Amino acid sequence: MSMPSLPLFLSQLFNGLATGLLLSLISAGLTIIYGTLGVLNLAHGALFMVGAYAGFMALQWTGSFVLAIVGGMIGALLVGLLMERVIVRYYYQRPPEDQILVTFGIGIVITELVRLIFGGIAKPVPVPSWGEGITRLGFLFYPNYRIQMMIFVAVALLLLYLLLYKTRIGMIVRAGIEDSLMVNMLGINVYRIFLLVFGIGAMTAGFAGIVNAPILAVTPDMGEPFLVMSFVVVVIGGVGSFPGAIIGGIIAGEIISMTSMFSSAYSHVTLFAIMAVLLAVRPQGLFGIEGRE
Amino acid sequence: MSEDNDQKKPKSGIVRRDFLKAGAGVAGGLLLSGGLGFSRLAQAAKSYPAIGNYPAGIQGSSVFMGIAVPRTGPYSAQGEDEIKGYQLAIDHINKGTSLAKAYAPGMNKGMLGKTIEFGIADNQTKPNVAVQAISKFISDKKAMMVTGSVSSAVAIAAGKLCDRERTIYLPAITGSNATTGKDCQRYSFRACHYAYTASKALAPVIKDAIGSGKKVAYLTPDYTYGHSVYNSMKEFTEAQGWTTVNNQLPPLGTSDFSTYLLNIANSGADVLVNICFGRDAVISTKQAKQFGLLDKMTLVMPYMAPFFADEVGADLLQGVYGTTEFWWTLAEKNDMAKAFVDDFEKRNGRKPGWSAHIAFLQTMLWARAVQDADTFHPPTVVGQYEKGNTIQTDIGDVHWRAGDHQLVRPVYIIRGKKPSDMRNKEDYYDIVEGVPGEKVMPPLSKFGCKLGPVS
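Taken in sequence, the protein lines are chains A and B.
Heads up: the first sequence begins at 82 in the numbering used here, then just goes up one per residue.
Heads up: the second sequence begins at 3 in the numbering used here, then just goes up one per residue.
Careful: at least some of the hints might be erroneous.
[Said to hold, decoys possible] Cut-off 27 Å, straight-line C-alpha distance, at most; resulting in silico cross-link-like pairs (BS3-like, lysine-lysine): (1) B:K419 <-> B:K353; (2) B:K427 <-> B:K86; (3) B:K111 <-> B:K348; (4) B:K420 <-> B:K217; (5) B:K184 <-> B:K448; (6) B:K419 <-> B:K298; (7) B:K217 <-> B:K236; (8) A:K204 <-> B:K427; (9) A:K204 <-> B:K420; (10) B:K452 <-> B:K389; (11) B:K448 <-> B:K236; (12) B:K128 <-> A:K204; (13) B:K236 <-> B:K184; (14) A:K204 <-> B:K86; (15) A:K204 <-> B:K291; (16) A:K204 <-> B:K348; (17) B:K128 <-> B:K86; (18) B:K209 <-> B:K419; (19) B:K389 <-> B:K111; (20) B:K236 <-> B:K216; (21) B:K353 <-> A:K204; (22) B:K441 <-> B:K335; (23) B:K419 <-> A:K204; (24) B:K335 <-> B:K97.
What the hints contain is simulated information worked out from the structure, not anything from laboratory work.
Remember, predicted model here, so these are calculated numbers, not experimental data.
Same shape as in the complex, but just chain A:
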């Protein structure tokens, strides 16, 4: 094992931030739903995939990648709302194991339906023409599209932040996270807010799915690894915490990038090991509040 060169170190530092931001966004959707509704949504990876496929279809129809992004968000939003109205809302009062099982089941059904319709072979979503090419960032070459993706993701995170922290709806959502019973007693229809939150979480996953589509293979089970990773991020950052999801995502991205310079085989192992240590030392995560469910 040799020490990495400075250009390599800086490259990986930058790449850790880029991959981390994406993890932050996916995890934010997961953590908002959990924080507000108390439901651990194991169909989150499937919603990510739905975003990619809906975007793929929009791209086929319109030929525009911007419209594909809109299509991906709407697709995931619709599936998310349907999920909440038809099934998930009947599970708010049920034990967490039931919620986990039902959302896991929904995830499988969505994935298999997509496989039935589209087949198992990857669908092509090419990098948009304005994203082709490579930028030389002094110390590293980085694909243009990945840089643009960082900007998309950062903007999406900023919008989510503004929505949660600067609007009345956001205030209600955050109040709901703290004590949904009290919010209900204040005369606010918590269930309508719940639907809204579920929709936002699903749309976030769908957005992440379609902006990621050009660099991944669009297949029915593409969401699975991201579901796993977003759990790690949420555990590190603190379950139900929005800032925790962002910081946790960046930390996870950096851990993978940094350790890969020394030993690529151990980069994911290291991430899980650090998560385990953190769980032992600080079970509520970096930004979690002790005792909150």
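Model the placement of chain B on the given structure of chain A, informed by the hints.
Chain B in isolation, oriented as in the chain A frame:
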């Protein structure tokens, strides 16, 4: 599992004794009226001791073949293609077509008069899932043969289980040296090329094409298959004066290869050997292109996955070297290959990948072994395989090596065509060379195969 078997064996023993007694008496007449009775009586006349699913699995008019392939995960496209290859082979065997007879001369409809029935399970590219599915095939369905794999980790786990159960297991795709090396099994037979034979065949060709004294970086999936191909490619390229400068080990099923690719970009390599397979190969190669690696480095795919070309596109493949088990243009030189490719295309509307071909070939080679052995009795069938007779196939004459159960067979070197030279949309490769199996087989001692007892 073993408890299950202890209970099963005496029971099937009684069945067999009853069967033998009946063979001479009244039931013999009943069997004859079934139409297939003659060969059944012929079987009953040869008495073999009960072992595995024998004779429980051959009591009816059909035998069961268990197919466990990945239908989800990074290797699912190859798994689905394998299913199509199995179905084609089974259909030909059950109908006793001229193609089936070309593989197993003397065959009529079905195998020894029995039709093949099959079941399909999704092994999810996970050894534990595969083992569960195969256990069910063996205990519930009394499978006489189990087959299917895309991952070597799955093939090795399945091979171990079937060896314990004394049931023939035929892996489809498995590129690890270990499959017929340290993890070889008495009841398992591999027909495809693999890490060592692929690397030995490919190394001199890429030296001629790319030049001498090259620096090589590897992208290696972090499990037995990847490690095997890495070790073999390293061995043969270093022997011809190339140096190894970097090896990245992403896990199977990686979706973002950026960290690994950045390490390779900074390694000073001028050749990128991508060992990834299935969807991982597609994603990693696309991302390597996006990171500008393919402008600086020559790409080599030592174990080219089926459908790689369809998914990355011809532009990216131009001039890329790799090895394959089969490529459909072999139909232009071999009548058996033509019959296979034409019929596959008629049924499925596209050319077969090598995943379909290896599934087809393994099934036909099994039919041949059973036909020649004239029984399904597993140890006798294993013995038939081990005779190592020359068998005519659509990849030329092949034979099994008794010492490690590897098929001695050619390795095909392919090179991506210029898009303007493609005659049709699936005409992605030129076959540069078909390297004969004898020239690339490792010495038997090389990978430590020790076959277990047959009963």
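Hints, verified against the model:
1. B:K419 <-> B:K353: With Cα atoms ~17 Å apart, B:K419 and B:K353 stay inside 27 Å; holds.
2. B:K427 <-> B:K86: 21 Å, holds
3. B:K111 <-> B:K348: Holds - the C-alpha atoms of B:K348 and B:K111 are around 22 Å apart, at most 27 Å.
4. B:K420 <-> B:K217: The hint holds at about 26 Å.
5. B:K184 <-> B:K448: 9 Å, holds
6. B:K419 <-> B:K298: This hinted pair holds, its Cα atoms lying about 20 Å apart.
7. B:K217 <-> B:K236: 11 Å, holds
8. A:K204 <-> B:K427: 17 Å, holds
9. A:K204 <-> B:K420: Since the Cα atoms of A:K204 and B:K420 sit roughly 23 Å apart, the hinted pair holds (cutoff 27 Å).
10. B:K452 <-> B:K389: 17 Å, holds
11. B:K448 <-> B:K236: 16 Å, holds
12. B:K128 <-> A:K204: Answer holds: B:K128 to A:K204 is near 24 Å, not above 27 Å.
13. B:K236 <-> B:K184: 20 Å, holds
14. A:K204 <-> B:K86: With a Cα-Cα distance of about 21 Å, the restraint between A:K204 and B:K86 holds, given a limit of 27 Å.
15. A:K204 <-> B:K291: Judged against 27 Å, a Cα distance of about 18 Å means the pair holds.
16. A:K204 <-> B:K348: The given pair, whose Cα atoms are some 24 Å apart, holds under the 27 Å limit.
17. B:K128 <-> B:K86: 21 Å, holds
18. B:K209 <-> B:K419: 19 Å, holds
19. B:K389 <-> B:K111: 25 Å, holds
20. B:K236 <-> B:K216: 12 Å, holds
21. B:K353 <-> A:K204: 19 Å, holds
22. B:K441 <-> B:K335: 21 Å, holds
23. B:K419 <-> A:K204: Given that 27 Å is the threshold and the Cα spacing comes to 23 Å, the pair holds.
24. B:K335 <-> B:K97: Roughly 26 Å separates the two Cα atoms, so the pair holds.
Violated hints for the displayed structure: none, as all numbered hints are satisfied.
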